[in-house]
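Participant: Sequence:
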Amino acid sequence: MSEENNDKRTVRSTLNRKFGVSEQTDRRNPRRDDDNRGERKSFGDRPSFRGNRDDRKPFGDRPRRDGDRPFFRGDRDDRRDRREDGERSFGDRPFDRERRPRRFGDRPFGNRSERRGHFGDDRRPRREFSQAGAPIYRQRPEEQQTEAVEEVLDEAALEARVAQVEANEDAVSNPPWFKKLLALTTEKGREREGRFLGEGVHVVEELVSHHRELVSSVYMVEGFNDEALIEKINEAEIKISILTEAQMKQLTSTVTTQGIIAVARIASSKPVYDSSRSVLTLVDAVQDPGNLGTLFRTSLGFGSNGMILGRGTVSPFNPKVVRGSSGTFLRVPFEFDVDLIDQINFLRSKGYTIIATDLHGKQSLREIPQHKLRKMAFLVGNEGAGTNPYFIELADETVKIPMSSDLESLNVAVAHGILSYEAAQIQDELK
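Under our numbering, the first residue of the sequence shown carries the number 49, and numbering increases by one thereafter.
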């Protein structure tokens, strides 16, 4: 019976105990009865060791003694403001900005002209706020104009332009001399007149500097301001004529013109085939003028001895070829409109090794015996169809360019650049 009563008391005490309060805590710190809880003092009402709260004085009302240090620095007599009763409270001192001691970075308030000579001053002229307009940080940045991609007219569009001008019988807007110039924009006109056009600043400068004997005249629009190029043309004693913007636009094959064009005679120098060392390029039906212009530049850059342009290849005097080579094509000896079968047999008789690029080739250029590389002629082909298979059979060696199997073939200009680089290294090693 006693054990049962003990269990009941334990259950009752457990139910009456509040959450978080253990039984041991209740024994150490006996809780007050609910009736006495209201007599507990609130937070902050306990007596302070400094004395009664009601007896304490407000902040700043303590009477100052003679030895006290003032709150603000400076002259103590000038800055101390006393009340009639001899006491001063915090914040009762009158504000005097001019007498306030300056610290690093302080700036005087008021007229901006007084700031002249202080550290960090902006010496630029100031405008009134009403005249300043929108703040700079709120202005939207101006959009930069991107250069338009150069648009080149094809041969059909150029021929249609020439036909339209020739049908116009107005001698004032289209005089006979201008019609002859316009005919040079087409292949038929260049063959008939025996002259070609060089468009752009770099092309004209190249022709005037290295092929003065071929340049007959230079045309430019009014306001062309390249003084250095104009002086060079005058020193070469080349005639300069002025064209209107509309006339210049009709003579160029690009939509955007550079305002200058040169007229030169069609001519070229043939490669020297009897030299003991030589690197030539045989071009089979490359029809893209940009690719042919790049072939010329690559040949000049790696010291090639010349190029032979087979039938079906675009004319080297095409305006885009001239522009693609930056006018340097005339510095590379070349022959054009050549029968490649006859040329291959001729070169073989002169001791050349004919080397064709082939995707199924088994060797690289360096694996060919060196005595065959003293005089070599590369054979590069059409962009889409590649080199004529019959020409590959006529070749002495076929090579491949080592590259990833993920790529089927390279651009003709890129492949020619790689072979020209390797050939130049091999020629240097043979010396």
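Be careful, since some hints might not be right.
What the hints assert, rightly or not - Mimicking SDA-like on lysine to any residue, the simulated pairs with C-alpha atoms at most 20 Å apart in a straight line are: (1) Lys287 - Ser257; (2) Lys368 - Glu235; (3) Lys287 - Glu235; (4) Lys227 - Ala294; (5) Lys423 - Ala472; (6) Lys236 - Val386; (7) Lys280 - Ala294.
Think of the hints as simulated: they come from the structure by calculation, not from any bench.
Participant: If a hint holds in the structure, say so; if it doesn't, say that too.
Facilitator: Do the hints match the structure? See the list:
1. Lys287 - Ser257: The given pair, whose Cα atoms are some 15 Å apart, holds under the 20 Å limit.
2. Lys368 - Glu235: This hinted pair holds, its Cα atoms lying about 12 Å apart.
3. Lys287 - Glu235: With Cα atoms ~25 Å apart, Lys287 and Glu235 exceed 20 Å; violated.
4. Lys227 - Ala294: 14 Å, holds
5. Lys423 - Ala472: Given that 20 Å is the threshold and the Cα spacing comes to 12 Å, the pair holds.
6. Lys236 - Val386: 18 Å, holds
7. Lys280 - Ala294: Judged against 20 Å, a Cα distance of about 26 Å means the pair is violated.
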